[in-house]
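Colleague: Each chain, written out:
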Amino acid sequence: MPADREEIDSPPALRRVSPWLPCFLAWVFPGLGHFFLGKRRRAVVFCLVVLASFTLGLGSSGCSSIIDGDQPLSYLATFDNLALGPLDLVGRLVTFGSLAYRLPVNPSDPRRLELTDRLRTRVKQVTYEYGNTFLLTAGLMNILLILDVFDLASGRKQ
Amino acid sequence: MIRSHFLNLVVFSVLVGVFFAFLTQNTTRDRIRIMVLLGGAMIVLSLIIAYVMYPFPMRS
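Sequence order for the protein chains is A and B. Under this note's numbering, residues 435 to 592 are what the first sequence spells out, in order. Under this note's numbering, residues 17 to 76 are what the second sequence spells out, in order.
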């Protein structure tokens, strides 16, 4: 059986650099870390998959998560969104119209009311649950990509 | 955007299948195998679970 094209194209040994730089690149844009390490075909596929998931998520009225002190899981969901790097900024601007990361604690705070109003508008959409699932999946996939890049750059994985 | 439950399920399964195929495998043949296996399993298992849940009422 002929060897896979990527195996032929890739250099025999990956670039030996500190693993943190490719990890940072992977966080900045999905697939960029793999591209930096010479895994170009993988990089393109990862980029397309994560961007498709992210775009479908926002297009289906998914919401970027926001930290709410009363809901402990909101911390995890917000962390997951942040794993998308600068793409998360786009998600927040579309969802909240501003870069909001935490709901104000005071229930009568006008900022809190504005943010919850914006959330309610999207939550009422039929496709909200799908959108949220796609958005969270995009974040989780990018976390896995960052970990994969770390393994590749540190020589744990070929 | 996509309003169909089934179409959302298929798109999601394909995306996740492709992602894990490229993440875990190195050859084209293995990637296709994992894509089909993972994507297919997600679709088929979801349909089975949906079928099993069908008799249960949504509200008591």
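Simulated from the structure, these hints should not be mistaken for laboratory data. Because the structure is a prediction, the values reported are computed rather than measured. Note that CB positions come from ideal geometry on N, CA and C, so glycine has one too. Mixed in with the good hints there might be a few duds.
Distance windows between CB atoms, simulated [what the hints assert, rightly or not]:
| hint | chain 1 | residue 1 | chain 2 | residue 2 | range |
| --- | --- | --- | --- | --- | --- |
| 1 | B | Ala-57 | A | Gln-559 | 38 to 46 Å |
| 2 | B | Ser-20 | A | Lys-558 | 15 to 23 Å |
| 3 | B | Gly-56 | A | Asp-551 | 36 to 44 Å |
| 4 | A | Ser-452 | B | Ser-20 | 41 to 49 Å |
| 5 | A | Ser-452 | B | Val-52 | 33 to 41 Å |
| 6 | A | Gly-493 | B | Gln-41 | 40 to 48 Å |
Colleague: Each hint should be assessed against the structure and marked as holding or not.
Modeller: Outcome of the hint check:
| no. | hint | in the structure |
| --- | --- | --- |
| 1 | B:Ala-57 / A:Gln-559: 38 to 46 Å | 30 Å, violated |
| 2 | B:Ser-20 / A:Lys-558: 15 to 23 Å | 19 Å, holds |
| 3 | B:Gly-56 / A:Asp-551: 36 to 44 Å | 42 Å, holds |
| 4 | A:Ser-452 / B:Ser-20: 41 to 49 Å | 46 Å, holds |
| 5 | A:Ser-452 / B:Val-52: 33 to 41 Å | 38 Å, holds |
| 6 | A:Gly-493 / B:Gln-41: 40 to 48 Å | 30 Å, violated |
Of the hints listed earlier, those the structure fails to meet are numbers 1 and 6, in rising order.
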